[in-house]
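S.K.: Residue numbers (this note's numbering), protein chains in the order written: chain Y, 126 to 282; chain A, 18 to 406; chain P, 3 to 161.
Read the hints as simulated data drawn from the structure, not as lab findings.
Taking lysine-lysine and the PhoX-like style, the derived pairs with C-alpha atoms no more than 25 Å apart in a straight line are: (1) Y:K259 <-> Y:K160; (2) Y:K263 <-> P:K14; (3) A:K287 <-> A:K384; (4) A:K61 <-> A:K97; (5) Y:K194 <-> Y:K160; (6) Y:K154 <-> P:K14; (7) Y:K163 <-> P:K14; (8) A:K61 <-> P:K55; (9) Y:K150 <-> Y:K172; (10) P:K14 <-> Y:K194; (11) P:K14 <-> Y:K150; (12) Y:K251 <-> Y:K263; (13) Y:K263 <-> Y:K160; (14) Y:K160 <-> P:K14.
Predicted model, so just to flag it, every value in this text is computed and none were measured.
Now for the letters of each chain:
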Amino acid sequence: MTDNAEELIHVEYTQPWRYRWSTGKYIGKAYAETKRNKRLMGNRCSKCQEIVWPPEPVCPRCKVPTGEKWVELGDTGTVLQYTYQVMPMWDPHVGRARAHPHPSANIRMDSGCHIMHRLEETDPEKLKKVKRVKAVWKEEGRQGGMDDILYFRAIDG
Amino acid sequence: MGNRVAIIGIGQTHFKSKRPDVNIPEMINEAVRAALADAEMEIKGIEAVFTGNMETFEGVCHPDHWMAVESGAFGRPGMKVGAAGTTGATVVDEAFHMVAAGVCDTALAIGYQKHDQGNATGALTTCCTPVWGAGFAVGAMQEFAKQALTYMERTGAREEHAAMVRLKADYGACRNPYAHLRLGLSSIDEILQSAYLVWPLRILDFCPQSNGACALILASEHVANRLSNKPVWIADMITVHQTQFRAGIYEDLTGRDPYSQEVAAARLYKRNGITDVRRDIDLAEIYEPSNWQEMTTYEHLYFCEKGEGWKMVEKHMTDIEGEFPVNCSGGVIATNAIGATPTVRIAEAALQIRGDAGERQATRDIKTALATALGSTNWTILTLLRRSL
Amino acid sequence: MEGWTIEQLEGKDVFVIEGQVAIPNNYSAGIVGSRFLVELRDNCRIMGIRCPKCDRCYVPPKSTCMECFGQLTEFVEVGKSGTLLTFTVDHHTTPVQTASPPNVYGIIKLDGADTGLLHLIGEVDGKAVKSGMRLEAVFNEERRGSILDIKYFRPAEAG
Ligand SMILES: [Zn+2]
Ligand SMILES: [Zn+2]
Numbered sequence: 126m127t128d129n130a131e132e133l134i135h136v137e138y139t140q141p142w143r144y145r146w147s148t149g150k151y152i153g154k155a156y157a158e159t160k161r162n163k164r165l166m167g168n169r170c171s172k173c174q175e176i177v178w179p180p181e182p183v184c185p186r187c188k189v190p191t192g193e194k195w196v197e198l199g200d201t202g203t204v205l206q207y208t209y210q211v212m213p214m215w216d217p218h219v220g221r222a223r224a225h226p227h228p229s230a231n232i233r234m235d236s237g238c239h240i241m242h243r244l245e246e247t248d249p250e251k252l253k254k255v256k257r258v259k260a261v262w263k264e265e266g267r268q269g270g271m272d273d274i275l276y277f278r279a280i281d282g
Numbered sequence: 018m019g020n021r022v023a024i025i026g027i028g029q030t031h032f033k034s035k036r037p038d039v040n041i042p043e044m045i046n047e048a049v050r051a052a053l054a055d056a057e058m059e060i061k062g063i064e065a066v067f068t069g070n071m072e073t074f075e076g077v078c079h080p081d082h083w084m085a086v087e088s089g090a091f092g093r094p095g096m097k098v099g100a101a102g103t104t105g106a107t108v109v110d111e112a113f114h115m116v117a118a119g120v121c122d123t124a125l126a127i128g129y130q131k132h133d134q135g136n137a138t139g140a141l142t143t144c145c146t147p148v149w150g151a152g153f154a155v156g157a158m159q160e161f162a163k164q165a166l167t168y169m170e171r172t173g174a175r176e177e178h179a180a181m182v183r184l185k186a187d188y189g190a191c192r193n194p195y196a197h198l199r200l201g202l203s204s205i206d207e208i209l210q211s212a213y214l215v216w217p218l219r220i221l222d223f224c225p226q227s228n229g230a231c232a233l234i235l236a237s238e239h240v241a242n243r244l245s246n247k248p249v250w251i252a253d254m255i256t257v258h259q260t261q262f263r264a265g266i267y268e269d270l271t272g273r274d275p276y277s278q279e280v281a282a283a284r285l286y287k288r289n290g291i292t293d294v295r296r297d298i299d300l301a302e303i304y305e306p307s308n309w310q311e312m313t314t315y316e317h318l319y320f321c322e323k324g325e326g327w328k329m330v331e332k333h334m335t336d337i338e339g340e341f342p343v344n345c346s347g348g349v350i351a352t353n354a355i356g357a358t359p360t361v362r363i364a365e366a367a368l369q370i371r372g373d374a375g376e377r378q379a380t381r382d383i384k385t386a387l388a389t390a391l392g393s394t395n396w397t398i399l400t401l402l403r404r405s406l
Numbered sequence: 003m004e005g006w007t008i009e010q011l012e013g014k015d016v017f018v019i020e021g022q023v024a025i026p027n028n029y030s031a032g033i034v035g036s037r038f039l040v041e042l043r044d045n046c047r048i049m050g051i052r053c054p055k056c057d058r059c060y061v062p063p064k065s066t067c068m069e070c071f072g073q074l075t076e077f078v079e080v081g082k083s084g085t086l087l088t089f090t091v092d093h094h095t096t097p098v099q100t101a102s103p104p105n106v107y108g109i110i111k112l113d114g115a116d117t118g119l120l121h122l123i124g125e126v127d128g129k130a131v132k133s134g135m136r137l138e139a140v141f142n143e144e145r146r147g148s149i150l151d152i153k154y155f156r157p158a159e160a161g
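Produce the entire structure from the sequences given, and follow the hints as far as they go.
M.R.: Written as structure tokens, this is what we have:
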């Protein structure tokens, strides 16, 4: 059907959608802490006492209001798994295809929270040895959020 | 449970990478006409219509409004359903609930996707808002990659096993005239030589972006028995949701929170008296967006012990000729029109029960089959089908 | 982060992230829609599609009859003139508009068609537009296979 001789019309069109997304108060607090104090903060559930990360108004396990008992996640953790992109893919936020230069990693922070971030190391062989890592914060131009951490750097022990 | 419900009509398009010859309504119409023909019905016999796709993928707001005539929804009740990757099963679930509740006697469920009209990877990235994590997300691929690495580390599976899954899928796809990628692969070496996309996953480890639609006609017991000589009964459907931040996207690397597919399967089996899965179920059509997911899904659904999914592949247990066939159709890695994919899983499982799967028909007799859907942050829908209730 | 800006609300620990999402889309007209657009472009002809069973002519053409669900294949040329069914005058500006406001949008039943076609109305003051008036299509000199190959409809000569 697609290979008949009739001319088929199509229209290429990219309509940029503007957005203004609000963090709300809980993630807003986390943003404020990264921006002002270079620290990751979660809120501790009033019932199970676990740190909820990213901070949320309701504990996903207990389904109760978490409250505002804020605790630090710390800067150090262990890489559970990582991968890196080989082929560029479309990024709608920048409107073009790109491959992020830094590997994506799942990290268990020493406080017990699991976060997703990037690794500084880009060499595939050296990456295999990266286990213990520490957050490298932006010294200038922090705006709030996870991008205030540039990436995680390998550390000893 | 409510009234008994059967699938009495099955229709799907030939899935392809490009469909410039049709717009979305026309593409859907092909599947609807095929389902009506299969059921030997006319559209006036349909009482309600449910449609669904991955929103934003085609750049059309309210696509259901544009297709009311072609979907059969014109002048009828129903709605558009959006539930990310599970949408294609949710449309069936909605139709199932309506008929089971006695609201109507017949309902049409349509899942579709026209990937050539948009950019799926770009659209998927918008699942993650810039508020939280869009800078880290590249669709679901990175999570698949990390899951594959963890699976290898934990279980002893090797890249060769993932390649075997691909080879098995291609064998089925080549026997399925509706399948998209029919590569005619002859050995796992061809797969192991394809280029890396997200290390260690290669192009041939992944599904393609397909265009197509799948439509199912559901009917109440008295209508099904009157109209159809081979109804396939929906014994049960179950949905389990999961929150996005508590797990890795497709594998809980924390090892703490239960996985949605495990929760759904345990509930479904308990509710339906299934105690030995491979004895009580004959075949499965599962949602495996990459070949690695196929092996972990065997484990999540209790087809085997934890860490042993790759052994089922190595022993060819899940081949078309095997003792427990899985994805005879070629599965998702051969054909993925996301909004239609879970509908196709149910359709293919139903065809196997009817004995109408042609060259891809399993060797053993299929009386009970399981179809799965997986989407977004671990949302799961399972459908249990039976030849008789 | 590239692609968006982050702004803290004054005096509050709440942030607003502003940016845009841009996804390239490629809309297919399909065989039936393409025939309509190609005829507009190459021959300045407006094509409808007819259901022989219901004796209804759809403009623009569609592949399924909304009355009988029949598959439609019978293309027919309809008139370049028609009757205005209803209209509105739009005074505000949006980025997707093709002309600067005020724009008069009308639904026009072309001679031989049984459905209304949405299009622009030109060469007339919004205050002078009346439902039931006769209109005729004005084609662009340069045409590219688009519904906008018809520049607009204007009041037809008397008769
Ligand atoms: Zn709690
Ligand atoms: Zn008709």
